[in-house]
Amino acid sequence: NAGVTQTPKFQVLKTGQSMTLQCAQDMNHEYMSWYRQDPGMGLRLIHYSVGAGITDQGEVPNGYNVSRSTTEDFPLRLLSAAPSQTSVYFCASSFHRDYSYEQYFGPGTRLTVT
Amino acid sequence: LAKTTQPISMDSYEGQEVNITCSHNNIATNDYITWYQQFPSQGPRFIIQGYKTKVTNEVASLFIPADRKSSTLSLPRVSLSDTAVYYCLVAMDNYGQNFVFGPGTRLSVLP
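Chains as they are written, first to last, in our numbering: chain V, 213 to 326; chain E, 834 to 944.
Since the hints were derived computationally from the structure, they do not count as laboratory data.
Wrong hints could be hidden among the right ones.
Stated by the list, open to error - Distance ranges between label pairs, derived from CB positions:
1. V/S279 to E/T886: 25 to 33 angstroms
2. V/P273 to E/Q875: 38 to 46 angstroms
3. E/D900 to V/E314: 38 to 46 angstroms
4. E/M843 to V/R256: 32 to 40 angstroms
5. E/E847 to V/S279: 30 to 38 angstroms
6. E/T905 to V/D238: 16 to 24 angstroms
7. V/M253 to E/E891: 40 to 48 angstroms
8. V/D238 to E/N890: 23 to 31 angstroms
9. E/F872 to V/T219: 40 to 48 angstroms
10. E/T905 to V/Q229: 40 to 48 angstroms
11. E/I841 to V/T324: 34 to 42 angstroms
12. V/M239 to E/N863: 33 to 41 angstroms
13. E/L913 to V/P273: 24 to 32 angstroms
14. V/G252 to E/S856: 28 to 36 angstroms
To be verified - Computed, partial: chain V to chain E, Cβ under 8 angstroms:
15. P220
16. F222
17. D250
18. P251
19. L257
20. Y313
21. Q315
22. G320
23. L323
24. V325
Glycine is no exception: its CB is placed at the ideal position from the N, C-alpha and C atoms.
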């Protein structure tokens, strides 16, 4: 199993550009989520999904869109990039079963917005 | 969501046992306690979870007192490779499964 994969690993955008961060998992996990991590801080939840066709907002959803058309993929779209979105983005997945909180994280995408 | 409080940083020496305590005073009845480890430039990795008393796996032990208002992650005989940030999280029941990550505890293991 490849686990959780994210592409690209690094990205530089200009203010106002849009792009999509890709996330895929091959573990048949129902639950997937996106976090951002700013320097020296913990992770903050952007959006999450409990299954294909179902998404919801996390703590910091503004400026981001998600969709979940398949179990495997959960892309994160930046609509109009801003310098405040410079961060490291992590995708995670897990089974959606009672009282199991082992989430598997991808390697991250380091995004810089100039 | 229950808020957690942990020390910002800790230092230890190789071979010592390290205990990191997390406070979660407003933990709810259905909440579980979960610990993650994060190395630089990597995503967090699950270490251990528990509800009450003691849980042990091949990596760590988790001690939870009866009132569940705190928990202690115990790492036996740490090595340099245990230098990382450790996060204590309190998760809701499974439908939400949303975590709130605080700044974590930065553990530095010295030779």
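To see whether the hints hold, each was checked on the structure:
1. V/S279 to E/T886: 25 to 33 angstroms: At 42 angstroms between Cβs, range violated.
2. V/P273 to E/Q875: 38 to 46 angstroms: 25 angstroms Cβ-Cβ, so the 38 to 46 angstroms window is violated.
3. E/D900 to V/E314: 38 to 46 angstroms: Roughly 25 angstroms apart at Cβ, these two residues miss the hinted range, so it is violated.
4. E/M843 to V/R256: 32 to 40 angstroms: Given range 32 to 40 angstroms: violated, Cβ gap about 23 angstroms.
5. E/E847 to V/S279: 30 to 38 angstroms: 47 angstroms, violated
6. E/T905 to V/D238: 16 to 24 angstroms: 35 angstroms, violated
7. V/M253 to E/E891: 40 to 48 angstroms: Since V/M253 and E/E891 have Cβ atoms about 30 angstroms apart, the given range 40 to 48 angstroms is violated.
8. V/D238 to E/N890: 23 to 31 angstroms: 25 angstroms, holds
9. E/F872 to V/T219: 40 to 48 angstroms: Violated, at about 21 angstroms.
10. E/T905 to V/Q229: 40 to 48 angstroms: Cβ of E/T905 to Cβ of V/Q229: about 46 angstroms, so the range 40 to 48 angstroms holds.
11. E/I841 to V/T324: 34 to 42 angstroms: Roughly 26 angstroms apart at Cβ, these two residues miss the hinted range, so it is violated.
12. V/M239 to E/N863: 33 to 41 angstroms: At roughly 25 angstroms between Cβ atoms, E/N863 and V/M239 fall outside 33 to 41 angstroms, so the hint is violated.
13. E/L913 to V/P273: 24 to 32 angstroms: 39 angstroms, violated
14. V/G252 to E/S856: 28 to 36 angstroms: Roughly 21 angstroms apart at Cβ, these two residues miss the hinted range, so it is violated.
15. P220: Result: violated, 15 angstroms to nearest chain E Cβ.
16. F222: Violated, because the Cβ-Cβ distance from V/F222 to chain E comes to roughly 11 angstroms (cut-off 8 angstroms).
17. D250: With Cβ-Cβ at 10 angstroms, over 8 angstroms, it is violated.
18. P251: Since the shortest Cβ distance to chain E is 11 angstroms, the answer is violated.
19. L257: Interface hint status for V/L257: holds (6 angstroms vs cutoff 8 angstroms).
20. Y313: 5 angstroms, holds
21. Q315: Result: holds, 7 angstroms to nearest chain E Cβ.
22. G320: 6 angstroms, holds
23. L323: 14 angstroms, violated
24. V325: Cβ of V/V325 sits 19 angstroms from chain E, so the hint is violated.
Consistency note: the structure conflicts with the earlier hints numbered 1, 2, 3, 4, 5, 6, 7, 9, 11, 12, 13, 14, 15, 16, 17, 18, 23 and 24.
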